[in-house]
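S.K.: If you want the building blocks of each chain, they are given just below.
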Amino acid sequence: MLIDKIKQALAPLNLEVADGDYAKTGCHLAVAAPPDQIQGVAQAMLDEGCFLASLTAVDLRESFDLVYHFANFSELCRTVVHVPLGKKKGMPTLSAIYPGADWYEREVFDLFGIHFFGHPNLKRLLLPEDADFHPLLKDFGASESND
Amino acid sequence: MEIPEALSDFWFVLVYLVAAALFALGPILLAYLIAPRSYGAAKDAIYECGMPTLGSAWIQVAVIYYLFALLFLAFDVDVLFLFPVLLAYGKGYVWRDFIEITIFIGILSLVIVYAWCRGVFIWKRKQVNP
Amino acid sequence: MIEYSLEEKTYTLNLGPQHPSTHGVLRVLLEMEGEFITKAEPVIGYGHRGHEHMAENRNYLQFLPNTARVDYLHALAYNQGYCMAVEKLIGLVVPERGEFIRVITAELNRISSHLLWLGAYLLDLGAFTPILYCFDDRENLLDLLDRITGSRLTYCFFRPGGVPQDLDDEFITGTRAFVKRLRTRFKDYDNLVTKNVIFINRTKDVGVITQEQCVKYGLTGPMVRGSGIPYDIRKSEPYSAYPQFDFVIPIGDKGDILDRYVVRVREMEQSLRIIEQALDKLPNGPIMAEKVPKRLKPAEGEVYQAVETARGEFGCYIVSQGDIKPYRIKLRVPSFGNLSILPELAVDTLVADLVAILGSIDVVVPEIDR
Amino acid sequence: METKTGEPLIRFGLLTEALNLARANSLWPLTFGLACCAIEMMAAGMARFDLDRFGAGVFRPSPRQSDLMIVAGTISKKMGPAVVRLYEQMPAPKWVIAMGNCAISGGPFYYPTQYAIIPGADLIIPVDVYIPGCPPRPEAIIESILLLEEKITNRGRLRKFRQDVNR
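Chains as they are written, first to last, in our numbering: chain H, 1 to 147; chain E, 1 to 130; chain R, 1 to 370; chain D, 1 to 167.
Keep in mind that the hints were calculated from the coordinates and are not lab data. Built from N, CA and C at the ideal position, the CB exists for glycine as well. Check before you lean on any hint, since a few could be wrong.
Said to hold, decoys possible - With a Cα cut of at most 25 Å, we get these calculated BS3-like pairs of lysine-lysine:
| hint | chain 1 | residue 1 | chain 2 | residue 2 |
| --- | --- | --- | --- | --- |
| 1 | H | 138 | H | 123 |
| 2 | R | 235 | R | 195 |
| 3 | R | 39 | R | 216 |
| 4 | R | 39 | H | 123 |
| 5 | H | 138 | H | 89 |
| 6 | E | 124 | R | 39 |
| 7 | H | 138 | H | 87 |
| 8 | H | 5 | H | 24 |
| 9 | H | 5 | R | 216 |
| 10 | R | 216 | H | 123 |
| 11 | R | 187 | R | 204 |
| 12 | R | 235 | R | 281 |
| 13 | R | 204 | E | 124 |
| 14 | R | 291 | H | 24 |
| 15 | H | 24 | R | 204 |
| 16 | R | 216 | H | 7 |
| 17 | R | 195 | R | 180 |
| 18 | R | 294 | H | 24 |
| 19 | H | 123 | D | 151 |
As the list claims (entries may be wrong) - Interface residues of chain D toward chain R, partial, derived using beta-carbon atoms under 10 Å:
| hint | residue |
| --- | --- |
| 20 | 30 |
| 21 | 31 |
| 22 | 33 |
| 23 | 35 |
| 24 | 39 |
| 25 | 45 |
| 26 | 73 |
| 27 | 79 |
| 28 | 102 |
| 29 | 104 |
| 30 | 109 |
| 31 | 132 |
| 32 | 134 |
| 33 | 135 |
| 34 | 151 |
Construct the complete structure from the given sequences, taking the supplied hints into account.
M.R.: Put into structure tokens, the structure is as follows:
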């Protein structure tokens, strides 16, 4: 089964790998990885033939949490990788392993301000070039309720 | 001064030229007179999908595009020579004129056949890695 | 004086925001040598409206109309993805008839999205008649959906917990007639387009995507199936009532534009089969879960729900912290990944081929920019 | 914002009326779909709703050849300068139809902390006719074309169809 192969592949990185509750969260495998291990995890997932479904960040007010979703074409196994980032806004990039991650990282940089070291051209993707704010941060006006 | 008899036909050519000039410049003049003006800032900037243009268009272009100018010539000169033929066509010898024109067009279209065989119309597509 | 710049060989051109072939406001910055493209860089963001920022200020029901305006061509699949994610969070179970109505309307919407793509794509390649036929069929289909959902394009029809409006007999007979009529039209499309020699010359062996590229760029949907990978979430991760229908996943072999075209046209036929089976086996019973709370206030947690839209996998990732407003919603949109392969596909192709490749990716720009 | 349009040199009643009648019945819209309203604009151009009956079906891709700009969709802040540039590049007798709530006032995407859109096309270009709706139905687009024709020629074009409108 693919889920066991992924566990073996991730074993050498000694991360905490838990079986996700698929009915509740929609993911079979939940992995928590520190920021500098993420390239190892991505390389292992690529060797297992998984593609990067989505990469996003969640601003937990005092720290960031980067969420990577991996899925596989041949066999159903959705893996979610949480990378707690603390307050520092920097991460190694995945664009060398997954060229598709290039745009995802530029979008996270654009909307959150998190830098990705080693990214080929890290500049704004969605907002105009001269924008000087990061809209999805919690202190950017998301707090007041306007309904 | 008295215009020699041989030259008197050239009035028609003069009228033809004036009519052609009017036909060409007339709409421009008319538009200048009756059309309203627009004062947009980017009015006479180059239209490129709503974006300001990047870099200049006066750059060196590959020489194979000069072939297209030549090919256009081959097509165009054909049509140009057909205009006077219209006047002299079909006065009595219908079949003879028809054959003459097909030979004329045939010879001129040889240029296109030659270019076709030399492969001017085939664009080098990206090789599909098998 | 015009200064000739001799050293600069490439010419930069904006295939810009306002261009008939970009299906919206996508801008592709082209660097070309004569007709061949050396570098193509899509510049996106001209349709960015900030859906995810809006999600943080709205409760779960208020965000529903937004999901329809992300990808307005297959709005019902986005409604379905979002509603199923919320149902997973709250723990609602949609009754059988509600699931069947969702499948029928979502498949009808998929056909209307493919029909519009077919018309617009062939318009890019220069054929004007197919778009008139496609829109004629599409109008019939929109009449059906307009009857029960109330809108033609941006549907807000599904609710967390089920469907608010039941199907009536006129809709069912209308749909059966539409299915029969569309099947006869497929033969016309086949003769008009698939066997057209100009279409074949322009699409064969152009824009080939290999299976490794599919994995590296995270492509989904008809782009992946065109390259021979049978990845369709309705089959690989069955949701809603899809396990009860039998349908086939059409796949291509080489992964060029012609294969993607054939996959999308065959998918329409499969959708018709699904609709017919769903209409035959339509159970009666309630269409909405019994006790749907007035104010949806899910427990803390996160959920990722994937749904197969006309363009690929739409994943709705919701992080909730027990408030009536979601803490964060990430909409994983298929065209974002599908378009990121364009720079690699476009290297030394012709500009005309780039337009064909861009059309075969089936791009909806406000979906990419969100 | 370019609001004034230069008056032509020769101008007298009959000529202007004749020209306006010709312009009103041959409006060439610019294909300018921004978002969801573009699909309804295309549907209005196609066989069932058919703008060609009013001479407005010729959708020109270039602003140089069009005299009507239908702003169909949300104008994001990144797209604003391009919209203004396209409007300025259109030749003189030109009109603008703001189609859909986004083009009128920002529509569903306008709220206090919005950072990405320009709330309304009339902030950047002069608008002649507004079509409410999200997206407006193709019949509403046809009504807007008739309303615009009525504005150009100030003759009753829409009145024939709607008895209640005593214009």
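S.K.: Are the hints correct? Go through all of them and say.
M.R.: Here is how each hint holds up against the structure:
no.: 1; hint: H/138 / H/123; in the structure: 21 Å, holds
no.: 2; hint: R/235 / R/195; in the structure: 30 Å, violated
no.: 3; hint: R/39 / R/216; in the structure: 20 Å, holds
no.: 4; hint: R/39 / H/123; in the structure: 18 Å, holds
no.: 5; hint: H/138 / H/89; in the structure: 15 Å, holds
no.: 6; hint: E/124 / R/39; in the structure: 17 Å, holds
no.: 7; hint: H/138 / H/87; in the structure: 13 Å, holds
no.: 8; hint: H/5 / H/24; in the structure: 23 Å, holds
no.: 9; hint: H/5 / R/216; in the structure: 19 Å, holds
no.: 10; hint: R/216 / H/123; in the structure: 21 Å, holds
no.: 11; hint: R/187 / R/204; in the structure: 21 Å, holds
no.: 12; hint: R/235 / R/281; in the structure: 19 Å, holds
no.: 13; hint: R/204 / E/124; in the structure: 14 Å, holds
no.: 14; hint: R/291 / H/24; in the structure: 19 Å, holds
no.: 15; hint: H/24 / R/204; in the structure: 45 Å, violated
no.: 16; hint: R/216 / H/7; in the structure: 21 Å, holds
no.: 17; hint: R/195 / R/180; in the structure: 23 Å, holds
no.: 18; hint: R/294 / H/24; in the structure: 21 Å, holds
no.: 19; hint: H/123 / D/151; in the structure: 47 Å, violated
no.: 20; hint: 30; in the structure: 8 Å, holds
no.: 21; hint: 31; in the structure: 6 Å, holds
no.: 22; hint: 33; in the structure: 6 Å, holds
no.: 23; hint: 35; in the structure: 5 Å, holds
no.: 24; hint: 39; in the structure: 6 Å, holds
no.: 25; hint: 45; in the structure: 9 Å, holds
no.: 26; hint: 73; in the structure: 8 Å, holds
no.: 27; hint: 79; in the structure: 4 Å, holds
no.: 28; hint: 102; in the structure: 8 Å, holds
no.: 29; hint: 104; in the structure: 15 Å, violated
no.: 30; hint: 109; in the structure: 5 Å, holds
no.: 31; hint: 132; in the structure: 14 Å, violated
no.: 32; hint: 134; in the structure: 7 Å, holds
no.: 33; hint: 135; in the structure: 6 Å, holds
no.: 34; hint: 151; in the structure: 25 Å, violated
Checked against the numbered hints listed earlier, the structure breaks hints 2, 15, 19, 29, 31, 34; every other hint is satisfied.
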